[in-house]
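If you're matching them up, the sequences are chains A and B in order. Each residue of the first sequence is one higher than the one before, starting from 1 at the first, in this note's numbering. Each residue of the second sequence is one higher than the one before, starting from 1 at the first, in this note's numbering.
Bear in mind the hints are in silico, worked out from the structure with no lab data behind them. C-beta: ideal position from N, C-alpha, C; glycine also. Just to be clear, a hint being listed does not mean it is correct.
Stated by the list, open to error - Think about it this way: if two alpha-carbon atoms lie no more than 20 angstroms apart in a straight line, the pair counts; the simulated DMTMM-like pairs of lysine to aspartate or glutamate are:
no., chain 1, residue 1, chain 2, residue 2
1, A, Lys289, B, Glu51
2, B, Lys430, B, Glu258
3, B, Lys484, B, Glu568
4, B, Lys484, B, Asp463
5, A, Lys289, B, Asp463
6, B, Lys146, B, Glu51
Unchecked claim - Here are the computed distance ranges between Cβ atoms for each label pair:
no., chain 1, residue 1, chain 2, residue 2, range
7, A, Arg27, B, Gln322, 49 to 59 angstroms
8, B, Thr143, A, Thr316, 37 to 47 angstroms
9, B, Ser181, A, Asp286, 52 to 62 angstroms
10, B, Ser145, A, Thr316, 53 to 63 angstroms
11, A, Asp252, B, Thr281, 27 to 37 angstroms
12, B, Asp471, A, Arg322, 38 to 48 angstroms
For reference, the chains in residue letters:
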Amino acid sequence: MRATDILTLTPQGLYCPLGGFHVDPVRPVPRALVTHGHSDHARAGHGAVLATAETLAIMAVRYGEDFAGATQVAALGQTIRQGDVAVRFVPAGHVLGSAQIVIEAGGTRLVVSGDYKRGYDPTCLPCEIVSCDVFITEATFGLPVFRHPDARAEVDKLVASLALFPERAHLVGAYALGKAQRVMALLREAGWDRPIYIHGAMEKLCGLYEDLGVPLGEVVKVAAADRATLAGEVVLCPPSAIQEVWARKFPDPVAAFASGWMRVRARARQKGVELPMVISDHCDWDELKASILETGAGEVWVTHGQEDALVHWCGTQGISARPLHMLGYGDEGEDSGDLAAPAAAVESEASP
Amino acid sequence: MNAFAALLDRLVYESRRNAKIRLIADYLRATPDPERGFALAALTGELSFREAKPNLIRALIQERCDPVLFEMSYSYVGDLAETTALLWPAPADAPPESRRNSPLPRGEGSASRRSARSAAHPVPGHNRPPPPSLSEVVETLATTSKSDLPARLAGLLDALGETGRWALLKLITGSLRIGVSARLAKTALASLGEMEPDAIEEVWHGLAPPYIDLFAWVEGRGPRPVSRDPAPFRPPMLAHPLELEDLETLDADGFAAEWKWDGIRVQAASFAGTTRLYSRTGEDVSGAFPDLVAALAGMEAAIDGELLVLIEGRVQSFNVLQQRLNRKSVSNALMTKYPAHLRAYDLLAEGAEDLRALPFAERRARLEAFVARRAPERLDLSPLVPFASWDALTAARADPAAHGAGADADAVEGVMVKRLDSPYVPGRPKGLWFKWKREPYTVDAVMMYAQRGHGKRSSFYSDYTFGVWRDAAGGGAELVPVGKAYFGFTDAELAQLDRFVRNNTTNRFGPVREVTHTAETGLVLEIAFEGLQRSTRHKSGVAMRFPRVSRIRWDKPTAEADRLETLEAILAKGETEQHPTGG
Chain A
1 MRATDILTLT PQGLYCPLGG FHVDPVRPVP RALVTHGHSD HARAGHGAVL ATAETLAIMA
61 VRYGEDFAGA TQVAALGQTI RQGDVAVRFV PAGHVLGSAQ IVIEAGGTRL VVSGDYKRGY
121 DPTCLPCEIV SCDVFITEAT FGLPVFRHPD ARAEVDKLVA SLALFPERAH LVGAYALGKA
181 QRVMALLREA GWDRPIYIHG AMEKLCGLYE DLGVPLGEVV KVAAADRATL AGEVVLCPPS
241 AIQEVWARKF PDPVAAFASG WMRVRARARQ KGVELPMVIS DHCDWDELKA SILETGAGEV
301 WVTHGQEDAL VHWCGTQGIS ARPLHMLGYG DEGEDSGDLA APAAAVESEA SP
Chain B
1 MNAFAALLDR LVYESRRNAK IRLIADYLRA TPDPERGFAL AALTGELSFR EAKPNLIRAL
61 IQERCDPVLF EMSYSYVGDL AETTALLWPA PADAPPESRR NSPLPRGEGS ASRRSARSAA
121 HPVPGHNRPP PPSLSEVVET LATTSKSDLP ARLAGLLDAL GETGRWALLK LITGSLRIGV
181 SARLAKTALA SLGEMEPDAI EEVWHGLAPP YIDLFAWVEG RGPRPVSRDP APFRPPMLAH
241 PLELEDLETL DADGFAAEWK WDGIRVQAAS FAGTTRLYSR TGEDVSGAFP DLVAALAGME
301 AAIDGELLVL IEGRVQSFNV LQQRLNRKSV SNALMTKYPA HLRAYDLLAE GAEDLRALPF
361 AERRARLEAF VARRAPERLD LSPLVPFASW DALTAARADP AAHGAGADAD AVEGVMVKRL
421 DSPYVPGRPK GLWFKWKREP YTVDAVMMYA QRGHGKRSSF YSDYTFGVWR DAAGGGAELV
481 PVGKAYFGFT DAELAQLDRF VRNNTTNRFG PVREVTHTAE TGLVLEIAFE GLQRSTRHKS
541 GVAMRFPRVS RIRWDKPTAE ADRLETLEAI LAKGETEQHP TGG
């Protein structure tokens, strides 16, 4: 069976006519399969949602319990029939609960990666590569200049800066879902045993991570009155908060930002970041290439990000590839490296 | 090299001026000669290598990276040195950790807050040779033959981490673009000895890296270095823009005014057989203007003035002058066609006498006498603009042609207002000199294309091609591009414009996006510009000088943007002024 008969592109997103469902639809649809909880992939208002238990929990925290007409838990590795196709959720290593979706029909297997990464992350299951005929990948960091260093070494930079500047508060910009908790877990592994302070926008999700069995140590929500007393402490906040009046009350704050975009100096400079931490929840260039080769796919579709370069590289490897130019998560918010997300968007971010 | 690279890397992320000065000063204090001297040369833009050029970097990286991927990466990052440093493959024998940025040095105080995990992922030891020093790098780049250079440079890059590679490549690409000016670096150097930065400027020309004597002097260990240059650069005095409310507090009687010519501010110095022409920033540009340099030889004076092209006594437009700019050398044909000229504003030194402490009125008298007595060819006096009141000056500024500038009025971009008692103070002192530019032209145009910027703006669509309406061949109206603007907006407006571009893209061509521009949809930009010229290179037949976005007209329907006829009218008016007989 031809892959394009199994998945087609619609304005709502990828659609499987045989199964009667969309994957990560950007507008309300009758049936949605959702790879992970970032708001550009997981939106409210669908008739029914099939996703991992963690993703469903994240959506409930963000949108309220009635975010969809009906929900169904997809257990990792379990094959679920959807109309005339079989689907299976497999860990993607992106954030807690993130999954790739394997879709099979007529002897053809497609894998929708959602967002995924291969680097170390103590807060979620590692990515599992599934061999397939068609691999549908993201390419957020699909340029060879993006090579993410070991995230632990980047957290070491933060710890070293805390030692160097004990009189200054360290504000670490990090997306509220996934990146924040990963930085916190890595800080704990690095031996940071002080309380970790968080911006109010992160409270619910940090609590959910704890509830779902991801220990973060002592986490304290910053009270307005306490800001001036937090010299030498780590404060995690949405990236945009660093530019806001909220940040001014901290003692001589060091502006840090945990993001794959920090690899390019101009990006860090734009936002006045002093301590760039190159930590990403997406694959870097080498990992994208390695993942594509590991799947053995003869055909690659690129959903969003720097698709041109990855498509070009696939061509040099004799792999047929095409960009989908998907809007909705291709070109909006932090997925495109737009660091200037307005404060109103802090609870609706994606996460490099 | 690593200490210097770490300094550059810190400077990139530091936006506070005083903190930058401290970082540089700390580095200069802690680093021995000659290493720090080469660092100072790099920061002040004094290093240049005959053979090591950006093309060499391109060649090396393109041997190691797919050219298509290189171009995409370069377009994205916007900086050749950084692109190459990031793309450079780790050599086969490098330890796996070499992909990491080297972390900051761990402070002593960190132990109490850290557990025993510090050994969990240590940087593994290796027995590779230590990375090269900055002095070694500079020497290699300066002395290696052209044929050996690619291999030597590749070897240096293999021996360095990403930050080191980036810093090294920055030395080759020239402009560091790390937010540090030569002036700032000299200010940091001066702070080592609690000197004024201008004390450094005074001796700077004629000194060469690694500046051993200069450091000794600044640190109080040696005598003031003698500039061997008989015609040194004198740091120029600059003006503040005049605000209208200033006029209410200033007394017109205490000021003189002169035309602000639309050329290039330069300083000419000729003493004891040496004649030099300096740019405003102290760059020696004599090589591009041998015609002018030859004419000024022997004048035994230092003059502050405007570089212009004069043909038959008439000042040519900036567009004409541009033919002579940014050249290392110049052909005879070009010099004959576009002769360079100096229009004098100020006399800084005459013979052995330094005039800068004198009041402007006295210097002006000396200048007038100097020009009257011994003006060489290609030098004349910039006339004063007489005025009795600010209102009179306002009138002169609005219509220079009727107030003495005559046929050259098109080359006047405003007036300079100078206190009669002002000494010539280097830098931009407050309250002494003011510049008062003419009102710019404006036109409402429609954004048609947008391109990502470079450097600091590499993630933003910050360069906008805009167009105005004209009659289409097949009836109706069409937009024709008339120019490109990439500044004039605030950072917040840039973010809005960027968002508009991303949300209204109709087509993509590599780094360029076409944005919607119909009679019903699109964005109107008010564009300010200084002048217009006929152009065969532009589809519209006109080219703007100095276009910038003066306002974003979110409110204005695109159909109401201006038409090409509006520009044609401005052009026709300009041509009439330039050719009063109508010819």
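Restraint check for Lys484 of chain B with Glu568 of chain B, where alpha carbons must lie at most 20 angstroms apart: Holds: Lys484 of chain B and Glu568 of chain B sit about 18 angstroms apart, inside 20 angstroms.
Range agreement (Cβ of Thr316 of chain A with Cβ of Ser145 of chain B, hint 53 to 63 angstroms): 35 angstroms, violated
Pair hint Lys484 of chain B and Asp463 of chain B, alpha-carbon separation not exceeding 20 angstroms: Cα-Cα ~7 angstroms, so holds.
Status of the given 49 to 59 angstroms range, CB of Gln322 of chain B versus CB of Arg27 of chain A: At roughly 52 angstroms between Cβ atoms, Gln322 of chain B and Arg27 of chain A fall inside 49 to 59 angstroms, so the hint holds.
Given hint Glu51 of chain B paired with Lys146 of chain B - CA-CA distance at most 20 angstroms: 6 angstroms, holds
Agreement of Lys430 of chain B and Glu258 of chain B with the hint, judged by alpha carbon distance not exceeding 20 angstroms: With a Cα-Cα distance of about 19 angstroms, the restraint between Lys430 of chain B and Glu258 of chain B holds, given a limit of 20 angstroms.
Given hint Asp463 of chain B paired with Lys289 of chain A - CA-CA distance at most 20 angstroms: Answer violated: Lys289 of chain A to Asp463 of chain B is near 33 angstroms, above 20 angstroms.
Supplied distance hint 27 to 37 angstroms, evaluated on CB atoms of Asp252 of chain A and Thr281 of chain B: 34 angstroms, holds
Range hint compliance [Cβ, Ser181 of chain B to Asp286 of chain A, 52 to 62 angstroms]: 38 angstroms, violated
38 to 48 angstroms as the expected CB spacing between Arg322 of chain A and Asp471 of chain B, which holds or is violated: 41 angstroms, holds
Range agreement (Cβ of Thr316 of chain A with Cβ of Thr143 of chain B, hint 37 to 47 angstroms): 39 angstroms, holds
Hint consistency between Lys289 of chain A and Glu51 of chain B [alpha-carbon to alpha-carbon, up to 20 angstroms]: The hint is violated at about 36 angstroms.
Checked against the numbered hints given earlier, the structure breaks hints 1, 5, 9 and 10 and satisfies all the rest.
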